[in-house]
Amino acid sequence: GESVGLHLPTLSVQEGDNSIINCAYSNSASDYFIWYKQESGKGPQFIIDIRSNMDKRQGQRVTVLLNKTVKHLSLQIAATQPGDSAVYFCAEKDAGNMLTFGGGTRLMVKP
Amino acid sequence: DAGITQSPRYKITETGRQVTLMCHQTWSHSYMFWYRQDLGHGLRLIYYSAAADITDKGEVPDGYVVSRSKTENFPLTLESATRSQTSVYFCASAVKETQYFGPGTRLLVL
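In order, the protein sequence lines correspond to chains G and U. The first sequence: position 100 = 351 (the working numbering), numbered continuously. The second sequence: position 39 = 1448 (the working numbering), numbered continuously.
The following block holds chain G by itself, in its conformation from the complex (with noise of 0.2 Å):
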């Protein structure tokens, strides 16, 4: 299948700032995409989520940006803070059930 992907492997930021993890995706059909943080030695855990039909939406904290003509999805993380260093990823999702997950951005919060 098509595959998602990430701009930056690694990204540094300092405690307090807002942070700003993007993924492209390649699957015009993409009707549904997921934001996943993942700590240590620990199993994904949900975030965000957006339809297509939608561009953007708000979380706690975080808001999930999606521009459908790039297609193009970011995720920012207001007020970044320690607990927010983790490796993050998109997925997306296109007609069936099945997620295509991107490879991940770590996210490192300098105190």
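Bear in mind the hints are in silico, worked out from the structure with no lab data behind them. Each statement offered as a hint is correct.
Examples of chain U residues lying across from chain G (beta carbon under 10 Å, computed):
#1 GLY1451
#2 ARG1453
#3 LEU1454
#4 PHE1510
Straight-line Cα separation of at most 30 Å, DSSO-like style, residue types lysine-lysine; simulated pairs:
#5 U:LYS1505 <-> G:LYS293
#6 U:LYS1479 <-> U:LYS1466
#7 U:LYS1420 <-> U:LYS1466
#8 U:LYS1505 <-> G:LYS322
#9 G:LYS307 <-> G:LYS322
#10 G:LYS307 <-> G:LYS319
#11 G:LYS293 <-> G:LYS361
#12 U:LYS1505 <-> U:LYS1479
#13 G:LYS307 <-> G:LYS293
#14 U:LYS1466 <-> G:LYS293
#15 U:LYS1505 <-> U:LYS1466
#16 G:LYS293 <-> U:LYS1420
#17 U:LYS1505 <-> G:LYS307
#18 G:LYS293 <-> U:LYS1479
#19 G:LYS322 <-> U:LYS1466
#20 G:LYS307 <-> G:LYS361
#21 U:LYS1420 <-> U:LYS1479
#22 U:LYS1505 <-> G:LYS319
From the three backbone atoms N, C-alpha and C, an ideal C-beta is built for every residue, glycine too.
Take the given structure of chain G and dock chain U to it, following the hints.
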């Protein structure tokens, strides 16, 4: 509320042995999935199940067997373990599109 659990959390086995990884969910989700996660490959789907007694192959099914006699359980069996099956295995369940993952099983095949 246990959610989704996996056992064992860590397993060491030898080449050629059979090993079964267990997955249990308390949400009554219809869909369940098995993934393996390796450096350089990300999450790859091994098998999935849409409901009890319905299973289907994913991207990397060779060497693995699954069953789903009950909605809440989805065991994964390595019939004859190989070193290439050393990995971290994640089980997930979903009611619609959103998949929720278990804590994983770290498997080392010597």
